[in-house]
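Visitor: Model the full assembly from the supplied sequences, consistent with the hints where possible.
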Amino acid sequence: MNHANFNVTICVRLPEDLAQRLDKIASNATAFNRPTRPAVMREALQQFLDRHDAQVRTAEH
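In this text, residue positions in the sequence shown follow my numbering: the first is 102, and each later residue adds one.
Take the hints with a grain of salt, since some may be wrong.
Here are the in silico distance ranges between beta carbons for each label pair [to be verified]: (1) 106 <-> 160: 22 to 32 Å; (2) 160 <-> 108: 34 to 44 Å; (3) 161 <-> 107: 23 to 33 Å; (4) 118 <-> 158: 14 to 24 Å; (5) 152 <-> 124: 17 to 27 Å; (6) 155 <-> 115: 16 to 26 Å; (7) 105 <-> 147: 12 to 22 Å; (8) 141 <-> 117: 32 to 42 Å; (9) 125 <-> 150: 38 to 48 Å.
Since the hints were derived computationally from the structure, they do not count as laboratory data. Quick caveat: nothing in here was measured; it's all calculated off a predicted structure. A virtual CB, placed ideally from N, CA and C, is assigned to each residue, including glycine.
Guide: Here is the structure:
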């Protein structure tokens, strides 16, 4: 069986507050806490999405 490895880069434009928060998480990461960094980033993204959804619902009413 032939397995190919691919590296994929995805570029997206993030809102400034989210980009700053994710940048802070990445810059504060040390070798000790790197395994938890993806979980913290997922949490930050989820909080952003929750706020965004709440704003959309408020604007619709």
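Visitor: All the hints need checking, so say for each whether the structure fits it.
Guide: Now the hints, each set against the structure:
A hinted range of 22 to 32 Å for the beta carbons of residue 106 and residue 160 is inconsistent with their spacing of about 44 Å. Checked against the given bound of 34 to 44 Å, the beta carbons of residue 160 and residue 108, roughly 39 Å apart, stay inside it. Remark: the range hint 23 to 33 Å for residue 161 to residue 107 is contradicted by a beta-carbon distance near 40 Å. For residue 118 paired with residue 158, a C-beta distance near 19 Å keeps the hint of 14 to 24 Å intact.
Taking 17 to 27 Å as the suggested C-beta distance range, the pair residue 152 and residue 124 conforms, at roughly 18 Å. In this structure the supplied range 16 to 26 Å holds for residue 155 paired with residue 115, their Cβ-Cβ distance being about 18 Å. In this structure the supplied range 12 to 22 Å is violated for residue 105 paired with residue 147, their Cβ-Cβ distance being about 32 Å. Distance hint check: the CB atoms of residue 141 and residue 117 are about 19 Å apart, inconsistent with the given range 32 to 42 Å.
Taken as a hint, the range 38 to 48 Å is violated for the pair residue 125 and residue 150, whose Cβ atoms sit roughly 18 Å apart.
Consistency note: the structure conflicts with the earlier hints numbered 1, 3, 7, 8 and 9.
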